[in-house]
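Trainee: Each chain, letter by letter, is given below.
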Amino acid sequence: MYKILKKQSLNSTVTLMEIEAPLVAKKAEPGQFIILRVDDEGERVPLTIADFDRVRGTITIIFQIVGATTFALNQKNEGEYIRDFVGPLGKATELDGLKDVCIVGGGVGCAIAFPIVKKLSESGANVTSIIGFRTKDLVILEDEFKKYSNKCFVYTDDGSYGEKGNVCVPLTNMFNEGKKFDKVISIGPLVMMKFVTMATKPTGIPCDVSMNPIMIDGTGMCGGCRLTLIRDGKRITKFACVDGPDFNAYEVDFDEAMVRGATYKNFERQAYEESCNLKKMGENFNG
Amino acid sequence: MAKFNMSLNKVDMPMQDPIARGKNFEEVALGYTYEMAKEEANRCLECKNPACVNGCPVKIDIPGFIKEIKNDNINGAYSVIAKTSNLPSICGRVCPQESQCEAKCVRAIKGEAVGIGRLERFVADNATEMSVELKEKNGIKVAVVGSGPAGLTCAGDLSKLGYDVTVFEALHTEGGVLVYGIPEFRLPKAIVKSEVKKLESYGVKFECNVVIGKTLNVEDLFDMGYKAIFIGSGAGLPNFMNIPGEAYKGVYSANEFLTRSNLMKAYKNSATPIMKGKTVAVVGGGNVAMDAARTALRLGADNVKVIYRRSMNELPARHEEIENAIEEGIEFNVLTNPVEITAHLNKEDPRDPMNGFVKSIICIKMELGEPDSEGRRRPIAVENSEFEIPVDVVIMSIGTSPNPLIKDTTSGLEVNKRGGIIVTEEGKTSLDGVYAGGDAVTGASTVISAMGAGKTAAKAIDEYLNK
Numbered sequence: 001m002y003k004i005l006k007k008q009s010l011n012s013t014v015t016l017m018e019i020e021a022p023l024v025a026k027k028a029e030p031g032q033f034i035i036l037r038v039d040d041e042g043e044r045v046p047l048t049i050a051d052f053d054r055v056r057g058t059i060t061i062i063f064q065i066v067g068a069t070t071f072a073l074n075q076k077n078e079g080e081y082i083r084d085f086v087g088p089l090g091k092a093t094e095l096d097g098l099k100d101v102c103i104v105g106g107g108v109g110c111a112i113a114f115p116i117v118k119k120l121s122e123s124g125a126n127v128t129s130i131i132g133f134r135t136k137d138l139v140i141l142e143d144e145f146k147k148y149s150n151k152c153f154v155y156t157d158d159g160s161y162g163e164k165g166n167v168c169v170p171l172t173n174m175f176n177e178g179k180k181f182d183k184v185i186s187i188g189p190l191v192m193m194k195f196v197t198m199a200t201k202p203t204g205i206p207c208d209v210s211m212n213p214i215m216i217d218g219t220g221m222c223g224g225c226r227l228t229l230i231r232d233g234k235r236i237t238k239f240a241c242v243d244g245p246d247f248n249a250y251e252v253d254f255d256e257a258m259v260r261g262a263t264y265k266n267f268e269r270q271a272y273e274e275s276c277n278l279k280k281m282g283e284n285f286n287g
Numbered sequence: 288m289a290k291f292n293m294s295l296n297k298v299d300m301p302m303q304d305p306i307a308r309g310k311n312f313e314e315v316a317l318g319y320t321y322e323m324a325k326e327e328a329n330r331c332l333e334c335k336n337p338a339c340v341n342g343c344p345v346k347i348d349i350p351g352f353i354k355e356i357k358n359d360n361i362n363g364a365y366s367v368i369a370k371t372s373n374l375p376s377i378c379g380r381v382c383p384q385e386s387q388c389e390a391k392c393v394r395a396i397k398g399e400a401v402g403i404g405r406l407e408r409f410v411a412d413n414a415t416e417m418s419v420e421l422k423e424k425n426g427i428k429v430a431v432v433g434s435g436p437a438g439l440t441c442a443g444d445l446s447k448l449g450y451d452v453t454v455f456e457a458l459h460t461e462g463g464v465l466v467y468g469i470p471e472f473r474l475p476k477a478i479v480k481s482e483v484k485k486l487e488s489y490g491v492k493f494e495c496n497v498v499i500g501k502t503l504n505v506e507d508l509f510d511m512g513y514k515a516i517f518i519g520s521g522a523g524l525p526n527f528m529n530i531p532g533e534a535y536k537g538v539y540s541a542n543e544f545l546t547r548s549n550l551m552k553a554y555k556n557s558a559t560p561i562m563k564g565k566t567v568a569v570v571g572g573g574n575v576a577m578d579a580a581r582t583a584l585r586l587g588a589d590n591v592k593v594i595y596r597r598s599m600n601e602l603p604a605r606h607e608e609i610e611n612a613i614e615e616g617i618e619f620n621v622l623t624n625p626v627e628i629t630a631h632l633n634k635e636d637p638r639d640p641m642n643g644f645v646k647s648i649i650c651i652k653m654e655l656g657e658p659d660s661e662g663r664r665r666p667i668a669v670e671n672s673e674f675e676i677p678v679d680v681v682i683m684s685i686g687t688s689p690n691p692l693i694k695d696t697t698s699g700l701e702v703n704k705r706g707g708i709i710v711t712e713e714g715k716t717s718l719d720g721v722y723a724g725g726d727a728v729t730g731a732s733t734v735i736s737a738m739g740a741g742k743t744a745a746k747a748i749d750e751y752l753n754k
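Chains E and L, in that order, are what the protein sequence lines are. The opening residue of the first sequence carries number 1 in our numbering; numbering runs sequentially from there. The opening residue of the second sequence carries number 288 in our numbering; numbering runs sequentially from there.
Warning: the hint list may mix true and false statements.
[Stated by the list, open to error] Here are some chain E residues pointing at chain L (derived, C-beta under 7 Å):
hint, residue
1, LEU10
2, LEU23
3, GLU43
4, VAL86
5, LEU95
6, LEU98
7, LYS164
8, ILE214
9, GLY220
10, MET221
11, GLY224
12, THR237
13, GLU256
14, GLY261
15, THR263
16, GLN270
[Said to hold, decoys possible] Computed Cβ-Cβ distance ranges for the label pairs, DEER-style:
hint, chain 1, residue 1, chain 2, residue 2, range
17, E, ARG83, L, SER481, 17 to 25 Å
18, L, ASN529, E, ASN266, 25 to 33 Å
19, L, GLU673, E, ASP53, 55 to 63 Å
20, E, ARG134, L, PRO603, 50 to 58 Å
21, L, GLU423, E, GLY57, 30 to 38 Å
22, L, ASN311, E, ASP40, 17 to 25 Å
23, L, ASN529, E, VAL55, 42 to 50 Å
[As the list claims (entries may be wrong)] To spell it out: a stretch of chain E is covered by chain L in this simulated footprint if at least three of its residues, at any positions, have a beta carbon under 8 Å from a beta carbon of chain L; those stretches are:
hint, region
24, 48–59
25, 129–140
Hints are computed from structural coordinates only; laboratory data are not their basis. All residues carry an ideal CB built from backbone N, CA and C; glycine is no exception.
Sequences are here, hints too, so could you generate the full structure?
Mentor: What follows is the structure, encoded as structure tokens:
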């Protein structure tokens, strides 16, 4: 059992939790993930590590309430426990030698991007951050990004906060002005990462993306997290849990990943609606 | 009075009705009654030089335990088995006895071998007292990586010898492939649980949610005071055929399909989803393919087809499992090999919810050519013989490759070109104090061979620590 030391609502659908997991905290690096199970009957859910504190032995996770499991997780409070918490899994993001980097985060993907920004900043690199959200109410971690970035752009799709537009707008503007980076790292919804990749490709700047596919064990056993890289015209099967989650953006078959990612969409919606109804019932009972 | 039962045939195993069992996850084979066990035990001729024992990877004194059944001493029979085997209720169910102990049985020369596996299961399920000889604790710490059949066996043997054993398990529950891979109807999870509890009563500690190679590495374990380490981390990533369409929605590896159903209990409508196909194709012919096919049937499929590129004679699965599958109505499409998987694609409506879901599997007919290096006749594609089978779920069950996590984080640990850990006959790796066995060494193999490897390594670890 793993204790929830802190719980904080970042916006109406995104929650931050600090979990006591000293062994995981000891080894965690930016880009790695954990798998958790809320209770005995729960599913295994992968979540990327948003922050860690080796001294206090804690891991910070930030999750969006999208399905029954994240809903159940959000029902837990400080001082309560979650059943299983295992990690750190996957390979750490490779940041060695990078001096000038652009980090593009979208939505809750910003939670994953943040420890990378922090580590780059601490190593003395010049960090440009672009963070994008659908609307004002969904903006998270703005202060944190600003604190650790040399330059930080905030965009919303509807223009309700920051600049109006998607994250490719400032990125393309910088490229048009002749700005070069050692690397662009993009983390967010698949469709966003696909467009960031397309925008960056003509510049020849290396680009990495963090893939977050369907996963069960997360340790290289089930093969559910497979994705396809296209290298020299050849299709190669890779597994996000042990080969990733970071991949060279120019090799990833995003369209295939988007198809696979939607496998259980209907199941998840149904499960979520059922849990919502339960919640509604609970609220009624409580008057 | 005739001492022996000279019937040429084994006493039949009571089984669930094939039609009924195709719709539930209860155990298929129900186990002998006391009378059946006695009758079958009396078929054992008590050979002076029992060949069956040599056929057993863990060298159980087979005539010895059968003799105790004849004497109505079930607890005594258990003690005999427990001298060499830690997990008799599991072995009695999943060992391929027909190619091991029973293959050597003298009764098999004319008629059927003694039902050794069935008797072993009977003893394990019916013994009321499981007295085991435990040596005094010596306080020496040994780490076991993985709680599958290799790890459980090694941990059991070492704890009986007095070692302070901790088993590290990556998943949230103990048992490895016995829990995530082998379905409930072949090996009830309660049995695995009780074997784990038994080891705990010997003093073995289990630490779940610890991935060796990630949470801790081999070096950390030595730093923590473990004097020897056994790696039984099991098989790794599933293989795919690299044919077009393997990424469509509804294509599973057998590992993923079985893990969802077994470990995550998707068959009981748990929080973990699984696609319950109406027409399911399982590609491959091993035991795992049989498990996947029979699971798909139980999840509600109307038709399950096993697609295998060689003929019925070459199917690598246990004979008993193939027979069970046929009885339950699993269809075998042999001398057939997939070349492509197709999916629904509504060009007029890109938002059609069926888009990207599996629609069919396109296969090619095969014929058998000359034998390959292993002596099995090589399958060759028959030109222009492609045909399409409509299906909505495809399960790839064509083997696994060893897991890279420990190899990647342990310098000096030698592996072969397939990624399997290289060991000596005693199970010793290239690193001092580090031993390995089971699928992590051999690639996908059987439960009993993993148990045999765990046992061999436990003996070697004991010798190493007593040097």
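Trainee: It remains to establish, for every hint, whether it holds in the given structure.
Mentor: Verification of the supplied hints:
| no. | hint | result |
| --- | --- | --- |
| 1 | LEU10 | violated (24 Å) |
| 2 | LEU23 | holds (5 Å) |
| 3 | GLU43 | holds (4 Å) |
| 4 | VAL86 | holds (4 Å) |
| 5 | LEU95 | violated (19 Å) |
| 6 | LEU98 | violated (23 Å) |
| 7 | LYS164 | violated (26 Å) |
| 8 | ILE214 | violated (9 Å) |
| 9 | GLY220 | holds (5 Å) |
| 10 | MET221 | holds (6 Å) |
| 11 | GLY224 | holds (5 Å) |
| 12 | THR237 | holds (6 Å) |
| 13 | GLU256 | holds (5 Å) |
| 14 | GLY261 | violated (9 Å) |
| 15 | THR263 | holds (4 Å) |
| 16 | GLN270 | violated (9 Å) |
| 17 | E:ARG83 - L:SER481: 17 to 25 Å | holds (22 Å) |
| 18 | L:ASN529 - E:ASN266: 25 to 33 Å | holds (29 Å) |
| 19 | L:GLU673 - E:ASP53: 55 to 63 Å | holds (59 Å) |
| 20 | E:ARG134 - L:PRO603: 50 to 58 Å | holds (52 Å) |
| 21 | L:GLU423 - E:GLY57: 30 to 38 Å | holds (36 Å) |
| 22 | L:ASN311 - E:ASP40: 17 to 25 Å | holds (23 Å) |
| 23 | L:ASN529 - E:VAL55: 42 to 50 Å | holds (47 Å) |
| 24 | 48–59 | violated (count 0) |
| 25 | 129–140 | violated (count 0) |
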